[in-house]
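Student: Let the hints inform the model, and build the full structure from the sequences given.
Protein chains in written order, with our numbering: chain A, 383 to 702; chain B, 383 to 702.
Each hint should be verified, as a subset may be incorrect.
Each pair may be met inside one copy or between any two copies, as identical chains are not told apart.
Unchecked claim - Derived lysine to any residue pairs resembling SDA-like cross-links, with alpha carbons at most 20 Å apart: (1) K696 x H657; (2) K460 x P399; (3) K660 x M697; (4) K460 x D490; (5) K696 x R651; (6) K660 x S691; (7) K668 x A644; (8) K668 x R645; (9) K660 x D411; (10) K460 x H487; (11) K696 x L653; (12) K668 x F648; (13) K668 x E692; (14) K696 x T655; (15) K668 x T700; (16) K668 x L640.
Honestly, the hints are just simulated from the structure, not real lab data.
Predicted model only: the values in this text are computed from it and were never measured.
2 protein chains.
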Amino acid sequence: MTATGPSLAERVLAADPRAVARAISLIEDETEAGVSLIRQIFRHTGRAFVIGVTGPPGAGKSTLVDRLAVTVRESGDKVGIIAVDPSSPFSGGALLGDRIRMQVHARDPGVFIRSMATRGHLGGLARATEDAALILDAAGTDVIFIETVGVGQDEVDIVRMADVSLVTLVPGTGDDVQALKAGIMEIADIFVINKIDRDGADRLAIAVEAMLGLRSWTEGEWRPRIVRTQATEGVGVPELWAAVRAFRAQAEAGSFELRRRARAEFRLRDLLTRHLLKHLETRVLKSPELNALIDRIGSRSLDPYSASSEILAKMLKTVD
Amino acid sequence: MTATGPSLAERVLAADPRAVARAISLIEDETEAGVSLIRQIFRHTGRAFVIGVTGPPGAGKSTLVDRLAVTVRESGDKVGIIAVDPSSPFSGGALLGDRIRMQVHARDPGVFIRSMATRGHLGGLARATEDAALILDAAGTDVIFIETVGVGQDEVDIVRMADVSLVTLVPGTGDDVQALKAGIMEIADIFVINKIDRDGADRLAIAVEAMLGLRSWTEGEWRPRIVRTQATEGVGVPELWAAVRAFRAQAEAGSFELRRRARAEFRLRDLLTRHLLKHLETRVLKSPELNALIDRIGSRSLDPYSASSEILAKMLKTVD
Chain A
383 MTATGPSLAE RVLAADPRAV ARAISLIEDE TEAGVSLIRQ IFRHTGRAFV IGVTGPPGAG
443 KSTLVDRLAV TVRESGDKVG IIAVDPSSPF SGGALLGDRI RMQVHARDPG VFIRSMATRG
503 HLGGLARATE DAALILDAAG TDVIFIETVG VGQDEVDIVR MADVSLVTLV PGTGDDVQAL
563 KAGIMEIADI FVINKIDRDG ADRLAIAVEA MLGLRSWTEG EWRPRIVRTQ ATEGVGVPEL
623 WAAVRAFRAQ AEAGSFELRR RARAEFRLRD LLTRHLLKHL ETRVLKSPEL NALIDRIGSR
683 SLDPYSASSE ILAKMLKTVD
Chain B
383 MTATGPSLAE RVLAADPRAV ARAISLIEDE TEAGVSLIRQ IFRHTGRAFV IGVTGPPGAG
443 KSTLVDRLAV TVRESGDKVG IIAVDPSSPF SGGALLGDRI RMQVHARDPG VFIRSMATRG
503 HLGGLARATE DAALILDAAG TDVIFIETVG VGQDEVDIVR MADVSLVTLV PGTGDDVQAL
563 KAGIMEIADI FVINKIDRDG ADRLAIAVEA MLGLRSWTEG EWRPRIVRTQ ATEGVGVPEL
623 WAAVRAFRAQ AEAGSFELRR RARAEFRLRD LLTRHLLKHL ETRVLKSPEL NALIDRIGSR
683 SLDPYSASSE ILAKMLKTVD
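Tutor: Shown next, in the form of structure tokens:
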């Protein structure tokens, strides 16, 4: 410890909850300090098991996650919950959920809860969520739940970074059909049919099973399971946790590293694209040279394709 | 003329309709030959007046455009019609429309008709449409209609490149409200309320007028006009053409060059972004070095942000 006290990274690694909260805020605000922090803690990550939970609004995801969190806590493992709402620019709704949750886990310092809302940047929320999970991971969290509402591209990107993906469906809302159509179904490792006391639970299970029947699985490949729950009563929660553990055991024996590698690649591609476009925006498109080129296009003495090639030749070390 | 005959560019400039059709196909297929052609003809463009026409399906855009085309032809000016359907990956529907149109303008070699459908590339259709318009322009077409169905981002991008933008609405379908909500309303220079024999035409005109009343226009700035038509009967078509001519006169006296410059800038930015991402995809992300970096991220010996910086440093001449 220096005279100025431990750094934020050191405090995160020491599992100081206020430091973790502060670090996630830096990430959420897309600050340079946040990037610097991730660089410092990254080599201390990779231990946590990340569980992605998504599904349409009202599917009971929060209750399900809370129940699973309690189950995890029984083993002594530390839990992190990141609730993401891609559809809302404000975290008001999520904050309400937070307050209810804080009551459920109020006396348990082994549960860290955080909500994140969209900042409107393309893909920004998925990146911020992944970084938030890295921070919890570095702080010694054993199991991280990432809970997100909806079935769109943002959710796919968010769930893609999880070690296991749970898609929660609920009978008789019509949302099930919408979810079945969306790409999110293809990334589900476990389907949770929640609120099985409602009409249509069997029909929904049959529909999901029929969809799964459309493809085949190779030896050693995980075939998605369907688990029925009534989260409010705790019904099916032990079975769901057993399915998660079964997935984890099989993954760690086989495809786990492949999946993490795919995740690293996805992340790197995303960062590269973002940095490149930012470079273009701040360094190239704001230059006076660009205005001269646009004038030449306007007067038809230069065509747009040649102008683009000219700029890229100046910008890139090697050009196609 | 060489022993091999005139080049495609020369034939386009000589207004050979088969060469024009072939050139547009090269553009549509996103070939290098298409790019090369645009480079050759670009300095011969900039004469045509481009009219963008959009609106919800069923608003009667095709009929309207056909009527306007007949009006333009009365002055002897050559007409091009590019019908774009961003929602369809196939041009079947547009082709049917083409056939009907070809009957309307069958005996008139002064009308060139072409339909274009999406290739699924992000923004690709807008680029292809703009290039198709350049080809018609180079071939001596005086007035080019670009007709597109819908009110989404694709349509905004397509209409953005026009010299004047017509948004067609139709009473009593509910689509009007959807259109009013969408960004397309902000780029309309002229609102066409078509099918005025239907109920609700007055209400729709009042709604559009109310929306226009929400902002103010500076001296010399064009205030969007509302024109009522019943295109199938030709009602309102002379008034609509008069509005287009009034817009053109005012634009040419003032903001015309500004608008064309904004278009050149939009185009150049779009090309740069596309070329940069293609360079990333084909040159950088396929390199063996990238795999080594991903492995290092997977083993946590390198964080994704540092990996991204490392790649960009190799790729860019100057790095932030």
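Student: Taking 20 Å as the upper bound on the Cα-Cα distance, should K460 and D490 be classified as within, between, both, or neither?
Tutor: within (10 Å within a copy, 78 Å between copies)
Student: I want to check one pair: K660 and S691. Are their C-alpha atoms no more than 20 Å apart within a copy, between two copies, both, or neither?
Tutor: both (19 Å within a copy, 13 Å between copies)
Student: Which holds for K668 with E692 at a C-alpha limit of 20 Å: within a copy, between copies, both or neither?
Tutor: within (16 Å within a copy, 24 Å between copies)
Student: Classify it for me, K460 with H487: is the Cα-Cα distance of at most 20 Å met within a copy, between copies, both or neither?
Tutor: Intra 12 Å, inter 74 Å, cutoff 20 Å: intra-copy only.
Student: My question is about K668 and R645: at a cut-off of 20 Å on alpha-carbon distance, are they close within one copy, between copies, both, or neither?
Tutor: Answer is between: at 17 Å across copies they meet the 20 Å cutoff, but 34 Å inside does not.
Student: At most 20 Å between C-alpha atoms: does K668 with L640 qualify within a copy, between copies, both, or neither?
Tutor: between (41 Å within a copy, 18 Å between copies)
Student: If the cut is 20 Å between Cα atoms, do K668 and F648 qualify within a copy, between copies, both or neither?
Tutor: The answer is between: 13 Å across copies meets 20 Å, while 29 Å in one copy does not.
Student: Between the shortest in-copy and the shortest cross-copy C-alpha distance, which are at most 20 Å for K696 and T655: within, between, both, or neither?
Tutor: both (19 Å within a copy, 15 Å between copies)
Student: 20 Å Cα cut-off: does K660 pair with D411 within a copy, between copies, both or neither?
Tutor: within (16 Å within a copy, 29 Å between copies)
Student: Under a CA distance limit of 20 Å, which applies to K460 and P399: within one copy, between copies, both, or neither?
Tutor: Within. Shortest intra-copy distance 12 Å satisfies the 20 Å Cα cut-off; inter-copy 72 Å does not.
Student: Can you tell me if K696 and L653 fall within 20 Å by alpha carbon in one copy, between copies, both or neither?
Tutor: Cα proximity of K696 and L653: across copies only (15 Å, versus 22 Å in one copy).
Student: Cα distance capped at 20 Å. Does K668 pair with T700 within a copy, between copies, both, or neither?
Tutor: Classified as between; 15 Å across copies, 22 Å inside a copy.
In this structure, every one of the numbered hints holds.
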